[in-house]
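Engineer: Produce the complete structure using the sequences and hints provided.
2 protein chains.
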Amino acid sequence: MNANIKSSLHDISRYITDVGHAARNASRAVGRASTSQKDKALSAIADLIIEHAETLKKANAIDLVAGRSKGLDDALLDRLELTDERIVSMAEGLRQIAALPDPVGTITDLAYRPSGIQVGKMRVPLGVIAIIYESRPNVTADAAGLCLKSGNAVILRGGSEAINSNQAIAKCIKDGLEIAGLPADVVQVIETTDRAAVGELLRLKDSVDVIIPRGGKGLIERITNESEVPVIKHLDGICHVYIDDDADQKKALSVAFNSKTQRYGTCNTMETLLVAEAVAADVLPLLAKMYADEGVEIRACEKSQLLLANNNIESVAATESDWSTEYLAPIVSVKIVQNIDAAIAHINQFSSQHTESIITENYTRSRQFLREVDSSSVMVNASTRFADGFEYGLGAEIGISTDKLHVRGPVGLEGLTSQKYIVLGDGHIRQ
Amino acid sequence: MNANIKSSLHDISRYITDVGHAARNASRAVGRASTSQKDKALSAIADLIIEHAETLKKANAIDLVAGRSKGLDDALLDRLELTDERIVSMAEGLRQIAALPDPVGTITDLAYRPSGIQVGKMRVPLGVIAIIYESRPNVTADAAGLCLKSGNAVILRGGSEAINSNQAIAKCIKDGLEIAGLPADVVQVIETTDRAAVGELLRLKDSVDVIIPRGGKGLIERITNESEVPVIKHLDGICHVYIDDDADQKKALSVAFNSKTQRYGTCNTMETLLVAEAVAADVLPLLAKMYADEGVEIRACEKSQLLLANNNIESVAATESDWSTEYLAPIVSVKIVQNIDAAIAHINQFSSQHTESIITENYTRSRQFLREVDSSSVMVNASTRFADGFEYGLGAEIGISTDKLHVRGPVGLEGLTSQKYIVLGDGHIRQ
Numbered sequence: 001m002n003a004n005i006k007s008s009l010h011d012i013s014r015y016i017t018d019v020g021h022a023a024r025n026a027s028r029a030v031g032r033a034s035t036s037q038k039d040k041a042l043s044a045i046a047d048l049i050i051e052h053a054e055t056l057k058k059a060n061a062i063d064l065v066a067g068r069s070k071g072l073d074d075a076l077l078d079r080l081e082l083t084d085e086r087i088v089s090m091a092e093g094l095r096q097i098a099a100l101p102d103p104v105g106t107i108t109d110l111a112y113r114p115s116g117i118q119v120g121k122m123r124v125p126l127g128v129i130a131i132i133y134e135s136r137p138n139v140t141a142d143a144a145g146l147c148l149k150s151g152n153a154v155i156l157r158g159g160s161e162a163i164n165s166n167q168a169i170a171k172c173i174k175d176g177l178e179i180a181g182l183p184a185d186v187v188q189v190i191e192t193t194d195r196a197a198v199g200e201l202l203r204l205k206d207s208v209d210v211i212i213p214r215g216g217k218g219l220i221e222r223i224t225n226e227s228e229v230p231v232i233k234h235l236d237g238i239c240h241v242y243i244d245d246d247a248d249q250k251k252a253l254s255v256a257f258n259s260k261t262q263r264y265g266t267c268n269t270m271e272t273l274l275v276a277e278a279v280a281a282d283v284l285p286l287l288a289k290m291y292a293d294e295g296v297e298i299r300a301c302e303k304s305q306l307l308l309a310n311n312n313i314e315s316v317a318a319t320e321s322d323w324s325t326e327y328l329a330p331i332v333s334v335k336i337v338q339n340i341d342a343a344i345a346h347i348n349q350f351s352s353q354h355t356e357s358i359i360t361e362n363y364t365r366s367r368q369f370l371r372e373v374d375s376s377s378v379m380v381n382a383s384t385r386f387a388d389g390f391e392y393g394l395g396a397e398i399g400i401s402t403d404k405l406h407v408r409g410p411v412g413l414e415g416l417t418s419q420k421y422i423v424l425g426d427g428h429i430r431q
Numbered sequence: 001m002n003a004n005i006k007s008s009l010h011d012i013s014r015y016i017t018d019v020g021h022a023a024r025n026a027s028r029a030v031g032r033a034s035t036s037q038k039d040k041a042l043s044a045i046a047d048l049i050i051e052h053a054e055t056l057k058k059a060n061a062i063d064l065v066a067g068r069s070k071g072l073d074d075a076l077l078d079r080l081e082l083t084d085e086r087i088v089s090m091a092e093g094l095r096q097i098a099a100l101p102d103p104v105g106t107i108t109d110l111a112y113r114p115s116g117i118q119v120g121k122m123r124v125p126l127g128v129i130a131i132i133y134e135s136r137p138n139v140t141a142d143a144a145g146l147c148l149k150s151g152n153a154v155i156l157r158g159g160s161e162a163i164n165s166n167q168a169i170a171k172c173i174k175d176g177l178e179i180a181g182l183p184a185d186v187v188q189v190i191e192t193t194d195r196a197a198v199g200e201l202l203r204l205k206d207s208v209d210v211i212i213p214r215g216g217k218g219l220i221e222r223i224t225n226e227s228e229v230p231v232i233k234h235l236d237g238i239c240h241v242y243i244d245d246d247a248d249q250k251k252a253l254s255v256a257f258n259s260k261t262q263r264y265g266t267c268n269t270m271e272t273l274l275v276a277e278a279v280a281a282d283v284l285p286l287l288a289k290m291y292a293d294e295g296v297e298i299r300a301c302e303k304s305q306l307l308l309a310n311n312n313i314e315s316v317a318a319t320e321s322d323w324s325t326e327y328l329a330p331i332v333s334v335k336i337v338q339n340i341d342a343a344i345a346h347i348n349q350f351s352s353q354h355t356e357s358i359i360t361e362n363y364t365r366s367r368q369f370l371r372e373v374d375s376s377s378v379m380v381n382a383s384t385r386f387a388d389g390f391e392y393g394l395g396a397e398i399g400i401s402t403d404k405l406h407v408r409g410p411v412g413l414e415g416l417t418s419q420k421y422i423v424l425g426d427g428h429i430r431q
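Taken in sequence, the protein lines are chains Y and W.
If you read the first sequence in my numbering, its first letter stands for residue 1, the second for the next number, and so on.
If you read the second sequence in my numbering, its first letter stands for residue 1, the second for the next number, and so on.
Keep in mind that the hints were calculated from the coordinates and are not lab data.
Remember, identical chains collapse to one label, so a pair may be satisfied in a single copy or spanning two.
Straight-line alpha carbon distances no greater than 25 Å define the calculated BS3-like cross-link-like pairs of lysine-lysine that follow:
#, residue 1, residue 2
1, 121, 251
2, 250, 289
3, 217, 233
4, 205, 233
5, 217, 205
These numbers were taken from a predicted model, which means no experiment stands behind them.
Structural biologist: Okay, here's the thing in structure tokens:
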């Protein structure tokens, strides 16, 4: 960021406007940068991050001390901490992004039309992306890397508790961009912790093409409501597994257990288990025993509570609100449903349209589930925990979109681009 | 629309909320409808439109009389009129949509991942689309047809001056849907001319997935600013043709003439002509003579005005505002630029990012123009007038998006869909 911009920090509105203009200008340069130039920048940034690991840790220590004295809880302090391992993994992430194919400029579907013109689509950057996120400083490097590789300029607004860590990472990024001959303004990390900066960013509809908030539901809803710039949302994950009449019992137990317990705090963790009535007595007691042994609380519908009680397994009566709660904790809600139609109806009513999986050996019902469930990831005989950019082969992700427009599910490089039409003629005119 | 909804017409907010819920319910049915069922509905609607041509014309006559007594101008009255030819063409349009391939359910990129799961993308409807448009009643049939074929439910809010025509067309659509066994609420045409209905539609973020306004810039900007629902915008077309140093003179004259004069009132008409300094003296006087003979007013930059004056061709001095004006009239602004870089800089500053074309025989510069011009259609040696859904092979279009997210350029069936991820496993769990 140049001195001119820095000097306007006392006037937040002016500062953010200047950041927006600088980003728009930089977006033209990075939009036409060659793949090798972008990859050179990514690997230079990775080198600098490793080289300056001690500097990063010192800056991070200032944030950690401030965080402790502000009374941040342990989970937040843990997310904020830059360990050696996390620094290496940040650099590794950037090298992985460099190794991904460049989506920009890819031309598809180029075909002749009856008029004689040839029409196709070219993948192009979105332009300027603003990312508003909370505590983890590694997001600064990840997000910068993904936006850079996809040919976008980016404005990063991290959590105030990570300001020193983020500025130290920003320094590595800017130096890396310059080594590759790219403008430093391709990645700008907001230099103030003033909360007014977020409000100003949301008004930059001429300079910013899309805003991606990463954080709690409250943050995302506030940004969506206030923003004049289009937003790609990553809301909560109320994910379902449905065990069908024709489920293979071993797969059902394994997938339903993994979907809930492999990690509790992630958005692709199953929160509600649906079980077909016909197999409930065979499957549910076994599965509930596995959950109970793992310390997972079961919130059961009336039928399943009765079934579990008959098998001497403890459960809590589910209330209506359980069907729309993202626990992010060792709790699972369980409902016995009549059949696949009832399961799909329940999912389409209560799901957050994130990820749902059916366990079945039945060909027709697997197709029905894939077609009729309106979620960003729909699975057959696989754990919901697979809904993730790395697992899907995107290389990295900037979030998981629960929107329907533009991009659904894990957002990788392609989600940060758009397609324009190209037309090739030989002097063709319209008759 | 059922009697229950009609009865709430005195309470606009309640009425629109009910319309939204009915659309959401209907979207599930049409989302899983088979291709043949949707095509059957389209061809039944086409038949009914032809069969009831006299009824449509009678309803239209009421609108025309009311329009004349309200003092609508001739252009508006012309757009409002349903002639026999337009009725046939509406029906023909629906049959063409029926003949297009169904995008819904198409699976692409299904590939195995190292974990053993198979990951791909399935094309799915957006859900519920609301379209807000002005006078042309044929939009009612076109928009309904495109939304239906792409598996979406649609809420149509036409201009108040076309209310009787639109309701008569709506009757044909509803009867056609029922013949094919689809819910009549798949297509709902708002039954009130109360302007409050638009405001209510813009608040339906739980029932409506996207709003597409079609009409003047004022309407579109108001809707974009007010809407809580995502909007796909079709703003103005300030389109450019750039005649490069290495342009073939014959192609340059032909394309630049066609781009301006083939039709004046369309968004893909060229408004500004850019000419490389090196060829201006060879090309511009010839071209200006052709424009002058056609009655096109020339608003020229200083250099080009001098050049034209030396050739005894009249022109007006262009002012700064000419570079950002969509004339929609026999007027062209002309600027001599130093080279392709100056042309691209001018375009990226003043263009509405709709459509731009370069005339050149130079391989490298054609590639530079295609890559660096950030517009929804970028052309080489072809008339800007080709930027159109029919010409691009989309079969039909619901508008031309000047947005960058989701869809750019002509919006056909695919633009009304999204993609979700599908994952196929055999009991796979995440380690």
